[in-house]
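For chain W, the structure is supplied; the task is to place chain H on it using the hints.
Number of protein chains: 2
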Amino acid sequence: MPEISPVDCAHMARALELAERGQFSARPNPMVGCVIVNDDDVVGEGWHELAGAEHAEINALRAAGDRAAGAIVYVTLEPCAHHGKTPPCAEALIEAGVGRVVAAMQDPHDKVAGKGLEMLSDAGVDVELGLMRSAAEALNAGFVSRVTRNRPFVRVKVAASIDGATAMKNGESQWITGPGARADVQRLRARAGAVMTGIGTVLADDPSLNVRSEDIDTRGLQPLRVVLDSRLRMPASVRMLTLPGRTLVCCAGGQDDTGLVEAGAEVAAYRADGERVDVATVLEDLANREVNDVLVEAGPGLTGSLLEKDLVDELVIYQAPHIMGSETRPMFETPSWTTLADRRGLEIRDVSQVGDDTRITATIRD
Amino acid sequence: MPEISPVDCAHMARALELAERGQFSARPNPMVGCVIVNDDDVVGEGWHELAGAEHAEINALRAAGDRAAGAIVYVTLEPCAHHGKTPPCAEALIEAGVGRVVAAMQDPHDKVAGKGLEMLSDAGVDVELGLMRSAAEALNAGFVSRVTRNRPFVRVKVAASIDGATAMKNGESQWITGPGARADVQRLRARAGAVMTGIGTVLADDPSLNVRSEDIDTRGLQPLRVVLDSRLRMPASVRMLTLPGRTLVCCAGGQDDTGLVEAGAEVAAYRADGERVDVATVLEDLANREVNDVLVEAGPGLTGSLLEKDLVDELVIYQAPHIMGSETRPMFETPSWTTLADRRGLEIRDVSQVGDDTRITATIRD
Numbered sequence: 001m002p003e004i005s006p007v008d009c010a011h012m013a014r015a016l017e018l019a020e021r022g023q024f025s026a027r028p029n030p031m032v033g034c035v036i037v038n039d040d041d042v043v044g045e046g047w048h049e050l051a052g053a054e055h056a057e058i059n060a061l062r063a064a065g066d067r068a069a070g071a072i073v074y075v076t077l078e079p080c081a082h083h084g085k086t087p088p089c090a091e092a093l094i095e096a097g098v099g100r101v102v103a104a105m106q107d108p109h110d111k112v113a114g115k116g117l118e119m120l121s122d123a124g125v126d127v128e129l130g131l132m133r134s135a136a137e138a139l140n141a142g143f144v145s146r147v148t149r150n151r152p153f154v155r156v157k158v159a160a161s162i163d164g165a166t167a168m169k170n171g172e173s174q175w176i177t178g179p180g181a182r183a184d185v186q187r188l189r190a191r192a193g194a195v196m197t198g199i200g201t202v203l204a205d206d207p208s209l210n211v212r213s214e215d216i217d218t219r220g221l222q223p224l225r226v227v228l229d230s231r232l233r234m235p236a237s238v239r240m241l242t243l244p245g246r247t248l249v250c251c252a253g254g255q256d257d258t259g260l261v262e263a264g265a266e267v268a269a270y271r272a273d274g275e276r277v278d279v280a281t282v283l284e285d286l287a288n289r290e291v292n293d294v295l296v297e298a299g300p301g302l303t304g305s306l307l308e309k310d311l312v313d314e315l316v317i318y319q320a321p322h323i324m325g326s327e328t329r330p331m332f333e334t335p336s337w338t339t340l341a342d343r344r345g346l347e348i349r350d351v352s353q354v355g356d357d358t359r360i361t362a363t364i365r366d
Numbered sequence: 001m002p003e004i005s006p007v008d009c010a011h012m013a014r015a016l017e018l019a020e021r022g023q024f025s026a027r028p029n030p031m032v033g034c035v036i037v038n039d040d041d042v043v044g045e046g047w048h049e050l051a052g053a054e055h056a057e058i059n060a061l062r063a064a065g066d067r068a069a070g071a072i073v074y075v076t077l078e079p080c081a082h083h084g085k086t087p088p089c090a091e092a093l094i095e096a097g098v099g100r101v102v103a104a105m106q107d108p109h110d111k112v113a114g115k116g117l118e119m120l121s122d123a124g125v126d127v128e129l130g131l132m133r134s135a136a137e138a139l140n141a142g143f144v145s146r147v148t149r150n151r152p153f154v155r156v157k158v159a160a161s162i163d164g165a166t167a168m169k170n171g172e173s174q175w176i177t178g179p180g181a182r183a184d185v186q187r188l189r190a191r192a193g194a195v196m197t198g199i200g201t202v203l204a205d206d207p208s209l210n211v212r213s214e215d216i217d218t219r220g221l222q223p224l225r226v227v228l229d230s231r232l233r234m235p236a237s238v239r240m241l242t243l244p245g246r247t248l249v250c251c252a253g254g255q256d257d258t259g260l261v262e263a264g265a266e267v268a269a270y271r272a273d274g275e276r277v278d279v280a281t282v283l284e285d286l287a288n289r290e291v292n293d294v295l296v297e298a299g300p301g302l303t304g305s306l307l308e309k310d311l312v313d314e315l316v317i318y319q320a321p322h323i324m325g326s327e328t329r330p331m332f333e334t335p336s337w338t339t340l341a342d343r344r345g346l347e348i349r350d351v352s353q354v355g356d357d358t359r360i361t362a363t364i365r366d
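Protein sequence lines, in the order shown, are assigned to chains W and H.
Our numbering puts the first residue of the first sequence at 1, with every later residue one more than the last.
Our numbering puts the first residue of the second sequence at 1, with every later residue one more than the last.
Honestly, I wouldn't trust all of these hints.
Heads up, the list lumps identical chains together, so a pair's fine if it works in one copy or across two of them.
Each computed EDC-like pair below joins lysine to aspartate or glutamate, with the alpha-carbon atoms no more than 16 Å apart [to be verified]: (1) K169 with D342; (2) K85 with D40; (3) K169 with E333; (4) K309 with D366.
Since the hints were derived computationally from the structure, they do not count as laboratory data.
Next up, chain W with everything else stripped away, as it sits in the complex (with noise of 0.2 Å):
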């Protein structure tokens, strides 16, 4: 088996690059992109589009024709060998000759895990796996984390000032971050197969919760827009309902819910906890939706609530260069912290200018 090279390196890097095409659209199946390269000649790219559409490998061995024979392929996750909504990579692979396929990751359901690269092996082709394989996990989280965990890849999104206040006590909060943060804020949604909220801030601002940015193209996909709102108090005249997308409204059960149905909303009953709608039931039953990503953009009560129970995955946090003092609203509403040692610590990731603002990207340390 031939040893990992530069080279190596830079063609996967090239397969990540083309995955990340599908960042809008793929879901709920995982961003995937392939390069084919023959005798040092890129001969075939392909990345994965839309679910129904071709998968990375078709896209890249039409590219390639016949050059695909005896050629290595450079591919961000293991081809498919199952008989989906399109037969398996790993036969298509196989017919027309490539001679070694190297992979990032395994696919991440387990039954099927190793499953194609078997398949390629057991057909005589040179198999490789896990070149570059935490930036191509990274890069479908959200995909491994509902195969994995029956749950969708968590990421609470909040603007605050500098000093950890995101809104006024009298509930002023809008333009808090600039138009830079804004504009990013729609990338985030754009990436997300769900976008979170609690009815207190429905009932507050009426916001779209949509993707409405012409520089973004989503080939028409929209986030299902996801109301926490145990009590059912959504009227059927918010704005979210006017817009093309859909709309689940989860309350506790045992309210009339005609009103908004007939408006357009899908309304389904949770288990409670407490007098609150169940938020970890909520999220498993995205994650049956095949919601993939779900972005929370609430009020500090949900995203406190979401930090108590440890269940987020990311924090995006647009910090604008403001002091706004002490009559206002905290970032998380979090009532069981009452200690120092109930704090959590996070693991920046990323932190990065955006327009005046400061986006900080941090996981929950364990």
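Showing chain H alone in chain W's frame:
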């Protein structure tokens, strides 16, 4: 008059670097650095180390000896023209026969500004003013503030979590930030003529507020410790009264200060603003005591009050990678800021990593 060249800038940058060597010991004098260049050779360097000791120019002239004749002198502050603790530097430069003097900034005293350069010019020396002026003014922001506003430069240091908490409601606040940030605070203290806190912090934490790092040579100087204690609640047994350096307790008057005075504190009464000592009056008194820079290390009550009164010149926020939640104390208590319009904009001057923490240095926008 010759044009300013990159070589001039390099020499002035060096002079600024030399000036900064006095950062822990020159006060209440400004930091000043001087470089003497003859025929492209640096023939003398000097800086001002201690009040009462030689000025930067004299040290540089001494190093240059005969080679000062006809030389160019780069100095970060206009040479003095008056007889203070030492004879005037302008005179010494004239006697040494220097050919040209390049000064970064004028003496900020209105009454003496320009006098030193005038004396030089009258003696036939080429004189130039303003090279790297803003860097020179920033270096001596405290001295300039005291001289021009009769108020020290007020720097407020805060240690907080990323969600803006400075303590738990139960009072726990120790070690929010890490050892790197604490070492950095030692440097801030060592540069300050006074460290100010409130009686609440003294009663809760019994802080030392001294410079104790072995890496910092203050030539024995300690910042004046200033405690705002309107009702004179400070016990004579507090730790700071056992440490080297002086302590000033600021009260509203009318209380018995015998115990504190016996324990070594100076107790002074100030005009009250409501129930509290008027902090602006205290700052004015500190300027009269020749304090250039005040470092405020206090709880949200005092820091918030300084912000409300627009008395903060610079914020230094050490942000720890933690989420502390809502059962916490805010960075700043600002009861008068009730709407979003009351918030203050920040000009971020610097963002640095200090150990695990992020240090944000900012000024308040007008």
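Tested hints:
Taking the shortest Cα distances, K169 and D342 sit within 16 Å of each other only across copies (13 Å), while inside one copy they are farther apart (25 Å). For a Cα distance limit of 16 Å, the shortest separation of K85 from D40 qualifies neither inside one copy, at 33 Å, nor across copies, at 78 Å. Taking the shortest alpha-carbon separations for K169 and E333, both the intra-copy value of 13 Å and the inter-copy value of 13 Å come in at or below 16 Å. For the identical chains of this complex, K309 and D366 are intra-copy neighbours only, at 13 Å inside a copy versus 42 Å across copies, given an alpha-carbon limit of 16 Å.
Hint violations for this structure: number 2 only, all remaining hints satisfied.
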